[in-house]
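K.L.:
Letter by letter, the chains look like this.
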Amino acid sequence: MFERFGVTFEPDDIIFCEYEPGKDFYILQEGRVKVTKIVSDMEKTLDVFHPGDIFGEMAIIEDQPRSATAIAIDKVKLLKLNKENFSMLLQGTPQLAFNILKIFSNRIYDAKRRLLILTLPDIESKVCDAFLMLAENQHISPKSTNPVTFDTKVDEIAHWCGEKVVKVKEVLGTFSDTGKIQIYEDRIVVKNLYEMFRIVRNRRKAQTKEQ
Amino acid sequence: MPGILRNYKAGSIIYFIGDIGDNIYVLKSGAVSLIYHSIDTGEEVRDTIKNGEFFGVKSALAKRPREETALVIKPSQVLVLTTAEFELLVTKSVSVIQNFLRVFSNQLRRVGKQVHSFLDDSDTGDNQAELFKIGEYYLKNHKYKQAQYVYQAYLRYYSKGNFAGQAQERINAIADAMEGKGTGTYATISQEPEQEAPAAPEIQIDTQTTETRESMDIASKYYDGVSLFSQEKYEEAFNLFKALHAASSADASSAEYVPKIEFEMGRCLIALKRYPEAVSIFTGMIKKYPKDENLKDALYYIGIAYKHQGDKAKAASFFQKVLKMLPESPTDRKAKKELVALGVATS
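Read top to bottom, the protein sequences are chains C and A. For the first sequence, position 192 (counting from the first letter as 1) is numbered 357 according to the working numbering, and the numbering increases by one without interruption. For the second sequence, position 346 (counting from the first letter as 1) is numbered 422 according to the working numbering, and the numbering increases by one without interruption.
It is possible that part of the hints are untrue.
Stated by the list, open to error - Some, not all, of what chain C presents toward chain A, calculated at C-beta under 8 angstroms:
1) Ile203
2) Ser205
3) Ser252
4) Ile265
5) Thr284
To be verified - Far from chain A, some chain C residues (derived; all Cβ distances over 10 angstroms):
6) Phe170
7) Pro186
8) Glu208
9) Thr210
10) Val213
11) Phe214
12) Ile238
13) Ser309
14) Thr310
15) Arg352
To be verified - Covered by chain C, per the in silico footprint, the following chain A stretches (three or more residues, Cβ under 8 angstroms):
16) 86 to 97
17) 134 to 140
18) 158 to 167
19) 178 to 189
Since the hints were made in silico from the structure, they are not lab data. In this text, a Cβ means the ideal position worked out from N, Cα and C, and glycines have one as well.
Generate coordinates for the entire structure from the input sequences, incorporating the hints supplied.
P.N.:
Written as structure tokens, this is what we have:
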């Protein structure tokens, strides 16, 4: 299989870049790969993949450009596959097919969660819900009343809200002024997540009543 | 069949929305409804499960809360599987997984579209500009190798883009910077532009969509051609391969098909008894792709073409070339047979 689909990369080589169109996905055979995104002029590592992991699989689904950059950490061996040879490959490797099924299940949940933020009617509740989503990703209860630290920045929150950075900055500014959050260079601390949870819940209730 | 059978009375709930559970269900008989609220309209939706259908799969596999409440409508018999049992069951039949993959990718695509419909006004993603900006980030931080990749990617996809001129300038500047430093790393990097930079102006791929479509098209049409050949429709097959040859030569993404297409064109020409043309196309192919997997067969067919043109000496020399070439293949036997027919002794 490696002879047909194998590709190798040296340490620090980019495998694909954020915003680059792409139609291939990869199965990591040897070495490690990191996934990064440039946020507020800083390269942030989102994840590290190990042998056996699959990445770039959204290319099978949609014609969107890459949402992050994949960079080889070590000398890396990959299988590079695309839509066309994908189904052929599945025939011989049911375990791989099953793993991809699990990844897709998770991606659907992630996408729906993101959609939930976007359907809120105003930026304030969207910002609150973005924090709630980040908390869920870290397995932190939305009912937490202790300060929670998020390794995030204004740009990233704006990204999840689907709003312009300047507007989100304004909202975060008000939140900071009223003591709801503290903004640091590399992190944001939310004082009372449960308060945000209640804001979002009430906004949603109001929305369903209107309809 | 693994798992346990469970009987439910009408009105009972198999699981509630928000529950976390690792069971996967198959409706054996009866009627079950999945009830949930649509994300965008907030309306209640009821999906009816058919007999033999799975439910609760996605939440169990993702280890996330159930997305709907499973309500029993009529007395029902349900097979309950753990995720592990489900895995064992479906990995025995890839087609079941493929069905799920199809359903899940449709869902994912639909949700993705909904997400993007919200982003259209606010987050106007100018992918071209954003890609270029990433190059700028790496350049600024002296990560030349990464910057070079990004600018080259930019030129590959947007050779006429707004930043194409700047991207090319940056690539040249990086090359100079690398030379100036003269480090070992740079020696390997500076080889890349020759192979990767889209120097040839004909390789202009405007969008990724057309590229995918075209290369997919070439792949499927190539097999159409092979199929026409096997139906002995040589003239049609040849015309199709000829058209594909023009298309794939102009498109970098389908370059791997060029030698294959040339080989098939040659085979068609032999079948059509157009021998001199066949010799010229096979010869061209061998020159351009001396390591191609069909090389040995190409030599064999040149021999056949010469044989039919009455040039026994040339035919024999090509059959002998086949026999000298490693690895051994079924073509050897055919070449041997031809040599015997020509009256040439083989060892």
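K.L.:
Look at each hint and say if it fits the structure.
P.N.:
Checked hints:
| no. | hint | verdict |
| --- | --- | --- |
| 1 | Ile203 | holds, 5 angstroms |
| 2 | Ser205 | violated, 11 angstroms |
| 3 | Ser252 | holds, 7 angstroms |
| 4 | Ile265 | holds, 7 angstroms |
| 5 | Thr284 | holds, 6 angstroms |
| 6 | Phe170 | holds, 12 angstroms |
| 7 | Pro186 | violated, 3 angstroms |
| 8 | Glu208 | violated, 7 angstroms |
| 9 | Thr210 | holds, 14 angstroms |
| 10 | Val213 | holds, 17 angstroms |
| 11 | Phe214 | holds, 18 angstroms |
| 12 | Ile238 | holds, 13 angstroms |
| 13 | Ser309 | holds, 18 angstroms |
| 14 | Thr310 | holds, 21 angstroms |
| 15 | Arg352 | holds, 21 angstroms |
| 16 | 86 to 97 | violated (count 0) |
| 17 | 134 to 140 | holds (count 5) |
| 18 | 158 to 167 | holds (count 3) |
| 19 | 178 to 189 | holds (count 7) |
Checked against the numbered hints above, the structure violates hints 2, 7, 8 and 16; every other hint is satisfied.
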